[in-house]
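Okay, here's what each chain looks like letter by letter:
2 protein chains.
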Amino acid sequence: MGLFLKGCDWVITQNHDREVLRNSSISIDDNGTIRDMGITQGSRSDEVIDCRGKVLIPGLINTHTHLSMTLFRGYADDLELQQWLEKKIWPLEKRLTGEMCYYGALLGAMEMTRTGTTCFVDMYFHMADVARATGEAGLRSILSYGMIDPPTQEGKERERMSSLKLLQHIRAMKSPRISFALGPHSPYTCSEETLLWCRKQADKENVLVNIHIAETRGEQAKFERDKKSREINYLDKIGFLSDRVLAAHSVWLTKSEVKLYGKLGVRVAHCPVSNMKLAGGSVAPLPEMWEEGVPVGLGTDGPASNNSLDMFDTMKFCALAHKSHRWDPTVASAQRVLDMATIDGARAIGKEKEIGSIEKGKQADLVLLDLKEPNMMPLHGKETVVSDLVYSASGYNVSTTIVDGKVLMKDRKYLRLDPAKIEEGVSASVRRLMF
Amino acid sequence: MGLFLKGCDWVITQNHDREVLRNSSISIDDNGTIRDMGITQGSRSDEVIDCRGKVLIPGLINTHTHLSMTLFRGYADDLELQQWLEKKIWPLEKRLTGEMCYYGALLGAMEMTRTGTTCFVDMYFHMADVARATGEAGLRSILSYGMIDPPTQEGKERERMSSLKLLQHIRAMKSPRISFALGPHSPYTCSEETLLWCRKQADKENVLVNIHIAETRGEQAKFERDKKSREINYLDKIGFLSDRVLAAHSVWLTKSEVKLYGKLGVRVAHCPVSNMKLAGGSVAPLPEMWEEGVPVGLGTDGPASNNSLDMFDTMKFCALAHKSHRWDPTVASAQRVLDMATIDGARAIGKEKEIGSIEKGKQADLVLLDLKEPNMMPLHGKETVVSDLVYSASGYNVSTTIVDGKVLMKDRKYLRLDPAKIEEGVSASVRRLMF
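Chains as they are written, first to last, in my numbering: chain A, 1 to 435; chain B, 1 to 435.
To be clear, the hints were calculated from the coordinates, so they are not data collected in a lab. Among the hints, erroneous ones may be present.
Heads up, simulated DSS-like pairs for lysine-lysine below, C-alpha to C-alpha not over 27 Å straight-line [unchecked claim]:
| no. | chain 1 | residue 1 | chain 2 | residue 2 |
| --- | --- | --- | --- | --- |
| 1 | A | Lys410 | B | Lys87 |
| 2 | B | Lys372 | A | Lys372 |
| 3 | A | Lys382 | B | Lys87 |
Covered stretches of chain A, going by a simulated chain B footprint (3 or more residues, C-beta under 8 Å) [as the list claims (entries may be wrong)]:
| no. | region |
| --- | --- |
| 4 | 79-90 |
| 5 | 247-253 |
| 6 | 310-322 |
For the chain A half of the interface with chain B, some residues (derived, Cβ under 8 Å), not all of them [stated by the list, open to error]:
| no. | residue |
| --- | --- |
| 7 | Glu111 |
| 8 | Trp197 |
| 9 | Ala279 |
| 10 | Trp327 |
| 11 | Pro419 |
Note that the Cβ used here is the ideal one computed from N, Cα and C, for glycine as well.
Please work from the sequences and hints to get the whole structure.
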């Protein structure tokens, strides 16, 4: 059975010409691809969704998070980063089980479904459990096991085995929506050997390498002291950087390092909210990245350092952070930022042929927002819709979320997830974690 | 008939000790004051609201906005301030009628009710119509007519007459919720004579003076060029500054100017979102203001320069803007920022004896948020609730809004406002404005 989205007030296609359709319908094949657009009726067997009073947008893409950290949301805020990690987060992370990560990921999946995110890139532990949660939720994802090198050679090999096991696990799931990436945590927590192993495996398996780069001033300074080299120089010199690398953060880059990203095709997951909250200093050089053609997506980062997974919130923070940093209100326009959360995000994770825009033949990852909520009124025209999405919308204006043509939430009701079961599982996990 | 809020999971009192109550009930007198707290049952005639699964907080206080500018929401974003004002906003504002401002204010009131703001300070035109909308909506407000001196003496006197007419109009309404403030727009749009007239009237009528001060770098530079004095020096020299002044923005202050604010008792409405979006440069010296004991509230500013009226959004921006500006994650903690939106906001507008916290004898301006939404889970304890409110909540998590003991929205249904009528009135206003 296909799906017929009938009479959307507006459709923000995010196609090449950034076309915006008025009073338009979309039909979706039962295999989850967009069959037709701008039509008046679907096929007889289609399930019909009434889209009057709604705007349809491509599902948002969160290019960097640690989903199971929902468990730590609000647990330890307003602290110095190292204090937060060493005193609060790391001791708890040691006690995490697969079951806990499963429930944490389900809670995150519920929040993303609720707030219009249909695809995410994750790095954490117990990733087979995160994969199970993602599969049940019906979301699209790229999952990586976060490799942190212990001092021993045996430990390092265990990290690599964990990565390969996750790869095999995900391939065995045979889900068209769940894919694998390598996840060396960072240049300062992984050895040169591990980084190069990841690079080689990524080429062999044709997957991305998800890594944190140049997040804070402190990290950058320590790296230079320890290795007598800047992070980017070091990664370039050892031959790690390539168009397989999805570099989260990338705040502390020089102009020539941004040029190098552009030349090598390095991809970026920009996380403005987390950068501001953890106060690592400065603001990522976004206009420079655009100038060098770097594909930049948006990420919320983990829910312990944001603390929400609402990509609408992240869009507004992104636009305003760059305007205020540059003292220039024309920087990071609403359209440009919506691009980052949709088609540019798809480009940043190598999925631009599949998702990121509403076009015939693409997968139907789609989100409906309610235009009858007061913050979405009035609508002056095409530009206003995009402005409202970035500067005024909340993820809680989302009414319906669709991935691969499957309706995950309709009129704010979850069709796959069981909120009561998730709440119970999360509460039990937190009780076991904290006491 | 009184009101009995039964079994709130959490009550964030914001009283002197910032007490947080667990599984607690509140009873409210029919005159709108809080009768009792922490009790198990109300009086027999009370209307009962089931508050299980909810957190109760004081209604949020928006200390600076221009409500009717909802009509311009999203109409002209990503522009330089002067271009925005001169090319886009001012030509439209000339065409505004009282009817349009009425509907614009109703839309804003609906958004505030929806997102948990119960009191606001407004400055705009056609303020009798804004007062009518506010009265119908049941919100608490301080309303000021925005005085901008024309070149002629006759014009200046007309502005003063408009202010006095609004004062008389509001007093004649005899609403305990609607009060008046003088509203000289700024030191660069009002003459010395007008500013001093406002100061004198404020003393005489025992009201606040609502004014924009030191908002942007450009304004500050131009003022210094024109008057050979910084704004604050000038305002101090002419004897304008006092504890009657509510100074919106106040971004471009030196440390000694902040000290002067503290010494004179000047109040501040801090508007972080608008400051970032319009990119006027820098960040208001909030920690310095706190050190000097300046009462600082939060404001959204007008919905054309934010573009939302959601104070939860403004709280998160406030916390993160100051953390990132100072490269210090401990600055502007969640508790401190919640204070700004509640009890400190009340202090900033001289209403701390009436509202801003949940205490016996205070007016019942109260808001319930739904703890079953995914972004509000899990709850680790008292500190987490406050963290979640500031870093994770959206105004759309609000389920019930109460002002003066009257329920304005219950379970997301408006009890006073008619959304369909507001939408129709706003659409008609926008059509007449734009064509």
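- [ ] Report the numbers of all earlier hints that the structure fails to satisfy, in ascending order.
- [x] Structure breaks hints 1, 5, 8.
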